[in-house]
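Novice: The task is to assemble the complex, starting from two chains supplied on their own in separate frames and drawing on the hints.
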Amino acid sequence: MLPNAVPVSWYLVLSAILFSLGVAGFLIRRNIITVFMCIELMLNAVNLSFVAFSYELKKIDGQLFTFFVMVVAAAEAAVGLAIILTIFRHRMSLEIDDVSSLKN
Amino acid sequence: MIPLPNLDVIAFLVLATFAVLCGLSVILQKHAVASALSLVGVMGALAVLYLMLGAEFLAAVQMIVYAGAIMVLFVFVIMLLNAGSEQKSNRPRYFAYFAGIPALLVFLGLIANFILRELPNSASVQFGAFTQGGPAPVGRLLFTKYLLPFEVTSLLVLIAIIGAMVLAKKEID
Chain X
0 MLPNAVPVSW
10 YLVLSAILFS
20 LGVAGFLIRR
30 NIITVFMCIE
40 LMLNAVNLSF
50 VAFSYELKKI
60 DGQLFTFFVM
70 VVAAAEAAVG
80 LAIILTIFRH
90 RMSLEIDDVS
100 SLKN
Chain G
0 MIPLPNLDVI
10 AFLVLATFAV
20 LCGLSVILQK
30 HAVASALSLV
40 GVMGALAVLY
50 LMLGAEFLAA
60 VQMIVYAGAI
70 MVLFVFVIML
80 LNAGSEQKSN
90 RPRYFAYFAG
100 IPALLVFLGL
110 IANFILRELP
120 NSASVQFGAF
130 TQGGPAPVGR
140 LLFTKYLLPF
150 EVTSLLVLIA
160 IIGAMVLAKK
170 EID
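So the protein sequences, as listed, match chains X and G.
Going letter by letter, the first sequence gives residues 0 to 103 in numbering that gives the first Met the number 0.
Going letter by letter, the second sequence gives residues 0 to 172 in numbering that gives the first Met the number 0.
Only chain G is shown next, with the shape it has when bound in the complex (with noise of 0.2 Å):
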C-alpha cells in the first residue's frame, strides 16, 4: 500500500504552483487588468502559505490591504486611464532579453543553490507548529518593542495621504 503524501507538502506544491503560474501570467498577459487578477491569485496563494507559516494575523492582513485595498487601488487607476492592452512599440528590448534575463537566471540559479546549501537542516513547515502570528502577540510586541517605528510608519501614511493629493489633483487653470 502506497503510504498517504503528507498533506502540507501536497498544500505546498499546489500553492507554489498557483503562485508561480500567476506571476508567469503577471508578466506576460498583454492586458493590464489580466495581470492585476493574476497579481491577487499570487497574493491569495501568498496568504495561505502565510497561514501554513503560523502567521494568521499576516494572511488576514495580505487579503485585507493587498488584495483588497491596494489592487482595487491599481484596477482603479486602470480603468480610469483606459490603460487598455500595451501597443506595440518599435523600440526593442535588447538589453533586456540578451542581458537582463540570462542574469537574472544566473542569480536564481546562484541563490537557490545558496539557500539549499547553507540550509539543509532548515525546520520543516507543519501546520500548527507555530501558533505565535495571532493578532495579540503581533499586536503585544508592535506597540512594545516596535512602538517607535510603528509611530514613524504613521507619519510616513500621513506624508503619502498628503502627496497624493497633492499629485493627483487638477491644476486649476
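For reference, chain X alone in the conformation it holds in the complex (with noise of 0.2 Å):
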C-alpha cells in the first residue's frame, strides 16, 4: 500500500543509492572517462541531499550550495578531461590499471 506522502528522509536515502552507485562503479571500472563519470554521479547524488535539506529547512541556503557545487564540478569536468586528454596522448591508453608511474 502507498503511502500517503513523500517524507524528505525518502530522497536522502535515495541520494545516499545514488551516492552508493557512484562509489562501486569508481571501484569497479577501469576505464578512467567512466570513473570520472562516476565521481560525476557522486556530486549529483550529494547535490540531491543538499536541496532535500533546503526544503525541510525551508531555506534556500542549501540550493545556493548545489549551485556552487555545480560551478566546481564545471570547472573540475573542464580540467580533468584535459587531463585525460594529456594522459591519452603520453600513454595511447585509457585504462586506469596503466596509469601507475607513482606507484614505484
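If you're looking for bench data, these hints aren't it; they were derived computationally from the structure.
Computed from a predicted structure; not experimentally measured.
Where is the CB? At the ideal position from N, CA and C, for every residue including glycine.
It cannot be assumed that every hint is accurate.
[Said to hold, decoys possible] The following label-pair restraints were derived from C-beta to C-beta distances:
1. X:Leu1 - G:Leu79: 44 to 54 Å
2. X:Lys57 - G:Val165: 43 to 53 Å
3. X:His89 - G:Ile161: 14 to 24 Å
[Claimed, not checked] Dumping the calculated DSS-like pairs for lysine-lysine here, alpha-carbon to alpha-carbon at most 30 Å:
4. G:Lys168 - X:Lys58
5. G:Lys168 - X:Lys57
6. X:Lys102 - G:Lys168
Specialist: Here it is, written out as C-alpha cells:
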C-alpha cells in the first residue's frame, strides 16, 4: 500500500543509494572516463541531499550550495578531461591500471 | 473504492526507480557512450526531483549546465579519444569486489538506517509547498549573503579555463 506522502528522508535515502552506486562504479570500472562519470554521479547525489535539506528547513541556502557544487563540477570536468587528454596522448591508453607511475 | 494514491508519491517512486536504474546502467554498461547517456538520464530524473522539492532555478540549471554542457564535454572527449568498449584487463580486482562492495553495502545500510531513525518526522514533500527556489530569491541571496563565495567561484572558473587550455594544448615540437 502506498503512503499518502513522501517524507524528505526518502529523498535522502535515494541520494545515499545514488552515491553508493557512484562509489561502486569508481571501484570496479577501469576506463578513466567512466570513473570520472562516476564522480559526477556522486556529486549529483550530494546535490540531491542538499536540495532535500533545503526543503526540510524551508531555507534556500542549501540550493545555493548546490549551485556552487555545479560550478565546481563544471570547472573540474574541464580540467579533468584536459588531464585525460594529456594522459591519452602520452600513454595511448585509457585503462586506469596503466597509469601507475606514482606506485613505484 | 480504492482511494487514488497521491500523485507526489507516484512521481517520486517512478523518478527514483528511473534514477537508480540509470545509475546502475552507468556503472554496468561496457561502452562509455552508453554510460554517458545513462548519466544524462540520472541528471534528468534529478532535475524533476528538484522541481518537486521547489528548486525551480536549480532544475533548469541542472538540465542546462549538467545534462547540457558537462555531458556534451564528456561525449566530445569520448568521441575524440575513440574510447570504445573497455578491453578485458588481466588484473582482477579482488580488493574492489570482496572488500569495497561489501563495505559499501554496510555503509548504505547504516546511513539509510540512520536517516530513517533520526528523521522520522521529516516534512512530507508536496509539489508547490515551498516556492522560494525561483531565480529571484536565489539571485538575491547569491549577491548578498554569498557574494564572496560567488566572486571566489568566478576566480576558480577563470583558473579552470586557463588550466584546461594549458593542459590540452599540443606541445610544440
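Novice: Each of the hints needs a verdict: does it hold here or not?
Specialist: Tested hints:
The supplied range of 44 to 54 Å is met by X:Leu1 and G:Leu79, whose beta-carbon atoms lie about 47 Å from each other. Look at X:Lys57 against G:Val165: about 44 Å separates their beta carbons, and that is inside 43 to 53 Å. At about 21 Å, the CB distance of X:His89 to G:Ile161 agrees with the hint of 14 to 24 Å. The suggested pairing of G:Lys168 with X:Lys58 is violated, with an alpha-carbon distance near 44 Å, which exceeds 30 Å.
Pair hint G:Lys168 plus X:Lys57 does not hold up; C-alpha atoms about 46 Å apart against a cutoff of 30 Å. With a CA separation close to 27 Å, the supplied pair X:Lys102 and G:Lys168 stays within the 30 Å bound.
Against the hints set out earlier in the document, violations occur for numbers 4, 5.
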